[in-house]
Each structure stands twice: as structure tokens, then as C-alpha cells.
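J.: Take 1 as the starting number for the sequence shown in the UniProt record's numbering and just add one per residue.
What the hints contain is simulated information worked out from the structure, not anything from laboratory work.
Heads up, the beta-carbon is just placed ideally off N, CA and C, and yes, glycines get one too.
One should not assume that every hint holds.
Unchecked claim - Here are the simulated lysine to any residue pairs, SDA-like style, with alpha carbons at most 25 Å apart:
hint: 1; residue 1: Lys311; residue 2: Ala301
hint: 2; residue 1: Lys57; residue 2: Ser299
hint: 3; residue 1: Lys180; residue 2: Thr191
hint: 4; residue 1: Lys2; residue 2: Ser299
hint: 5; residue 1: Lys311; residue 2: Val338
hint: 6; residue 1: Lys116; residue 2: Gln354
hint: 7; residue 1: Lys48; residue 2: Lys311
To be verified - Distance ranges between label pairs, derived from CB positions:
hint: 8; residue 1: Glu328; residue 2: Ala221; range: 27 to 33 Å
hint: 9; residue 1: Asn211; residue 2: Val337; range: 26 to 32 Å
hint: 10; residue 1: Thr336; residue 2: Gly169; range: 41 to 47 Å
hint: 11; residue 1: Ile27; residue 2: Val260; range: 54 to 60 Å
hint: 12; residue 1: Gly169; residue 2: Asn112; range: 49 to 55 Å
hint: 13; residue 1: Pro276; residue 2: Thr16; range: 43 to 49 Å
hint: 14; residue 1: Glu334; residue 2: Thr191; range: 27 to 33 Å
hint: 15; residue 1: Val337; residue 2: Lys54; range: 27 to 33 Å
hint: 16; residue 1: Glu269; residue 2: Lys208; range: 28 to 34 Å
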Amino acid sequence: MKGLYCQLSKSNEDLTFVFHDQESLPILSGHDVKLQIKACAFSLVNTKLLTELKLQKEFLPVGREIAGEVLEVGPKVSFFQPGDEVVGILPLDSEESGLCVSLLVHEHHLVNKPEKVSWVDAAGTIRDGLCAYMALHTLSHVGSGTTVLVIEGANPFGTIAIQLAHHRGAKVISTASNLKDKQYLEGLRPTVGIRQPLVARVIDRSEKKANLVDACLEETAGLGVDIVVDCGVQLSGKEDKPDGQQHLSHKHEILSLLAVAGHWVTTEENLQLDPPDSRMLFLKGATISFLNEEVWQMSSAQQGKYLHILKDVMEMLSSGIFRPQLDEPIPLYEATVVMEMVQKNQAKKRQVVQL
């Protein structure tokens, strides 16, 4: 079975993406569901995590966010039947690439796709929707009257997080790294109800006079932000950061603008806090949580909750609350080039292959 895989170089640094023939699919059994893949979305391959979990191998499958039609089901499958349209995320230890004609998936990794949702939208939203739910519901408690700061919101994950926070009644603030991103965020509107902006204030970090802490305190009457969701954070001075990360917020800025009992949800896996930072958190009674969406795949203890989140994401996509930031569907022959861009964080929008 041919699919898209990545292969590490001898230096274990550079990845090469190739189409590779794996062995034919195993026999359908137990809780297996055989799918005909209709769309597959690309996300970064976390080789460091796979190595730590001892899941590293010569060829790593690429494309885990999938949408497709059920062809056959195993004897123990209770959730689905042939002809159902489903969407899901392949597990970390999957042997098959999602970018193939058909594959076998355990039924507990899939949920039904609403009929009015397209294949491309379903595959392109499932992961970002999961991350947004984790950030605003699992790791913090968004609700009416809360204030949410989404740092660098003009990306696929940030867009979904903004839409979810606004839908739950929160006041949303976001940052932008350039004028184009600022205009995009200011143009976000709900599809139903009053057509007011989703983002109450956009802070353009490319302007030298823009001060994140002052702006957030001004918007909250000096009380601070209840929930902060970042897409990366500066751990040192701006002069030490690569060009693509110059406008990320510094950890001290985030700690300074947090409200009493506030929550900071970070995607920075190497976050380090100095004693003064910890002291500030203690005085505010604030918390830090790490956003790692793969925890659901590493433990089945809360599988039911995981599937419930995926179902909610699809329902919100179907109702128009979620409007993903997707690029035009890409043809199969461009998959290797596009995946290289995704791995290097050069793709601005979510990339999806339609089969």
C-alpha cells in the first residue's frame, strides 16, 4: 500500500518526504474499520516525541488527520457501519500513512462526520479544534465574562481558539505580527447572530509603540487577562530569536498581564521559569498548563472524553461556529513539497490533500 512517509537523514536532523510502498493491509478483525480516504490534512511530524516514546522507525507515516468513508467493519465494531462518513486522528504508533487509498483504523479513533461538512473541512479542522477545546475547556475554564488573550491568533489553531472563546461568551484579545494578520483578525465575524468582531482588540506587535501588557490591562480595567493561550513564547531577549519568532511574547509579559487566578496555556515544551516568575505566579494564584494534544493518544484512560471533544468539534464545524483557515486543496503530486513547507513552519494556512 503506497503512502507518504518521512525518512530521517543520518544526522537525525533533516527529514525527507517520499511515497513509499508498505506491506498490504492486515486482515480486518476486532474493532478495525476499513476506510476509503477522501481527505488528509498535514501537521508537523514531532520526531523528538516519537523518539522519546520509542516509536521511531525508518519510515514514519505522514498525514494523521483523515476523513473518509467506511468500507468494511470488524466483527466487534459497534459505532459504525459500511457507508458511514467519518473523521479522526490516526494514533502515534500507526503503521500506515493517512495519505493512501484505504487503511484500517480502530473505531475508537473515529467519529461521524456531519453530512453538510466537506471532507476537506473535516480533516483540516479536527486537530485544531481538539487543541482549542483542550486549551479553553480541559486546561482552563472559558465562559461568559472571562477575558481570553490568543497570542498570534492569525494561524489555523489561533483562529479556531478565537471562534470557540467568542462562542462561549468570552471577550477576546489577540496579537498580530504584521499589518496583514491584524486586518485578518479584525475582519473575523460570526456567521450567526450579531455581526460584531470576534476579537475585541488586535495588538500589532510590529509597531514599536505597541505594549502588550499595557494594552491588555487597559482592556480589562487593570484586572488582567483570565486565560492566555500562546503559539510559542520567548524565553530570552528578542535579539537571540530567529527572524520568524521576533514577535512572540516574552514569558515575563504574559506573567505580568495575567489576572488573579488566571490560567496560562502554553505550547512551549521547553518553558523555564526563574524564581521571580514563580513568585509572581504564587502571588496571583495563577497556573500554567502545557498544551500537548498527543496526550489523548498516549493514554486511553479518558477515551470517551476524547471522542466527545471530537464530536463537539464536528458539530461546531457543521453549525458554522468553526470556520477553519484552510488553503486550497492540494493535488496528490504536490504532497511532498507541501509537507516540507509544513515541517519547516512555512505554511500559513492548514494544508489538506483531497483524494
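J.: Would you mind marking each hint as holding or not holding in the structure?
T.: Checked hints:
no. : hint                          : in the structure
1   : Lys311 <-> Ala301             : holds (18 Å)
2   : Lys57 <-> Ser299              : holds (21 Å)
3   : Lys180 <-> Thr191             : holds (22 Å)
4   : Lys2 <-> Ser299               : violated (29 Å)
5   : Lys311 <-> Val338             : violated (28 Å)
6   : Lys116 <-> Gln354             : holds (17 Å)
7   : Lys48 <-> Lys311              : violated (29 Å)
8   : Glu328 <-> Ala221: 27 to 33 Å : violated (43 Å)
9   : Asn211 <-> Val337: 26 to 32 Å : violated (40 Å)
10  : Thr336 <-> Gly169: 41 to 47 Å : holds (43 Å)
11  : Ile27 <-> Val260: 54 to 60 Å  : holds (58 Å)
12  : Gly169 <-> Asn112: 49 to 55 Å : violated (28 Å)
13  : Pro276 <-> Thr16: 43 to 49 Å  : holds (44 Å)
14  : Glu334 <-> Thr191: 27 to 33 Å : holds (30 Å)
15  : Val337 <-> Lys54: 27 to 33 Å  : holds (31 Å)
16  : Glu269 <-> Lys208: 28 to 34 Å : holds (30 Å)
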